[in-house]
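**Q** Generate the whole structure from the sequences, applying the supplied hints.
Heads up: the sequence shown is residues 1213 to 1389, going by our numbering.
What the hints contain is simulated information worked out from the structure, not anything from laboratory work. Heads up, some of the hints might be wrong.
To be verified - With a straight-line Cα cutoff of 25 angstroms, these simulated BS3-like cross-link-like pairs (lysine-lysine) come out:
no., residue 1, residue 2
1, Lys1263, Lys1220
2, Lys1323, Lys1349
3, Lys1273, Lys1324
What the hints assert, rightly or not - Here are the in silico distance ranges between beta carbons for each label pair:
no., residue 1, residue 2, range
4, Phe1246, Lys1323, 28 to 36 angstroms
5, Asn1276, Gln1359, 31 to 39 angstroms
6, Lys1349, Ile1232, 54 to 62 angstroms
7, Lys1263, Val1319, 17 to 25 angstroms
8, Gly1236, Lys1349, 50 to 58 angstroms
9, Pro1314, Ser1267, 18 to 26 angstroms
10, Glu1251, Lys1273, 27 to 35 angstroms
11, Val1243, Asn1330, 16 to 24 angstroms
Since we're looking at a predicted model, the values are computed, not measured. Beta carbons are placed, not taken as given, at the ideal position from N, Cα and C, and that holds for glycine.
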Amino acid sequence: MKTPKGCKQAFTLIELIVVIAIIGVLTAFAVPNFMAARERARDVQRKNDLKQLQSAIEMYKLDNGEYPSSILFTKMKVVTNTCWYNDNDDGTSGPDFISTCPTDDKVIYMKKVVRDPNRSVAADNKAYYYSSSDKYKYIVCACLENQGDADGVAGNCDDISYKCNNGTGKNYTLTEP
1213 MKTPKGCKQA FTLIELIVVI AIIGVLTAFA VPNFMAARER ARDVQRKNDL KQLQSAIEMY
1273 KLDNGEYPSS ILFTKMKVVT NTCWYNDNDD GTSGPDFIST CPTDDKVIYM KKVVRDPNRS
1333 VAADNKAYYY SSSDKYKYIV CACLENQGDA DGVAGNCDDI SYKCNNGTGK NYTLTEP
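**A** Below, the structure written as structure tokens:
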């Protein structure tokens, strides 16, 4: 059909409303899937961080004959952008933390201490949960966001003070091999 001279072709109001409605429906389906993908990605990061932390703890045990105390990980929660290294030259026992790794012959267990990838985590839970009941056992734990994760275990981490989603969530736990 030909358009009369002087008239411009344009979309009708009905056509515009239909297009906007279609875009709205597609967005409503896409956003939750995108958010779930971000949760799963953060959970994968948490699991990898715990494995890296477990390797550092095992290296510490090889050097010192025992696992680090729980006090070590209390310090990790407070200090940010830290390097975990062993320095027995300063008269203190156990590992030290500084903002940059030393360049001399210190044993470095982690160049950067891992933190939870979810930036909305409360300040006192920046580091993953760690507990050492004695010098030969430990547990590292992180709360998972994806409640359908097959690797997750229902409940809290080992300590009642470290609850996953107020005690209703899942956690991922590693212990000594």
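**Q** Hint by hint, note whether the structure agrees.
**A** Status of the hints after comparison with the structure:
| no. | hint | verdict |
| --- | --- | --- |
| 1 | Lys1263 / Lys1220 | 65 angstroms, violated |
| 2 | Lys1323 / Lys1349 | 24 angstroms, holds |
| 3 | Lys1273 / Lys1324 | 19 angstroms, holds |
| 4 | Phe1246 / Lys1323: 28 to 36 angstroms | 32 angstroms, holds |
| 5 | Asn1276 / Gln1359: 31 to 39 angstroms | 38 angstroms, holds |
| 6 | Lys1349 / Ile1232: 54 to 62 angstroms | 60 angstroms, holds |
| 7 | Lys1263 / Val1319: 17 to 25 angstroms | 20 angstroms, holds |
| 8 | Gly1236 / Lys1349: 50 to 58 angstroms | 54 angstroms, holds |
| 9 | Pro1314 / Ser1267: 18 to 26 angstroms | 20 angstroms, holds |
| 10 | Glu1251 / Lys1273: 27 to 35 angstroms | 33 angstroms, holds |
| 11 | Val1243 / Asn1330: 16 to 24 angstroms | 18 angstroms, holds |
Hint 1 from the earlier list is the only one contradicted by this structure; the remaining hints agree with it.
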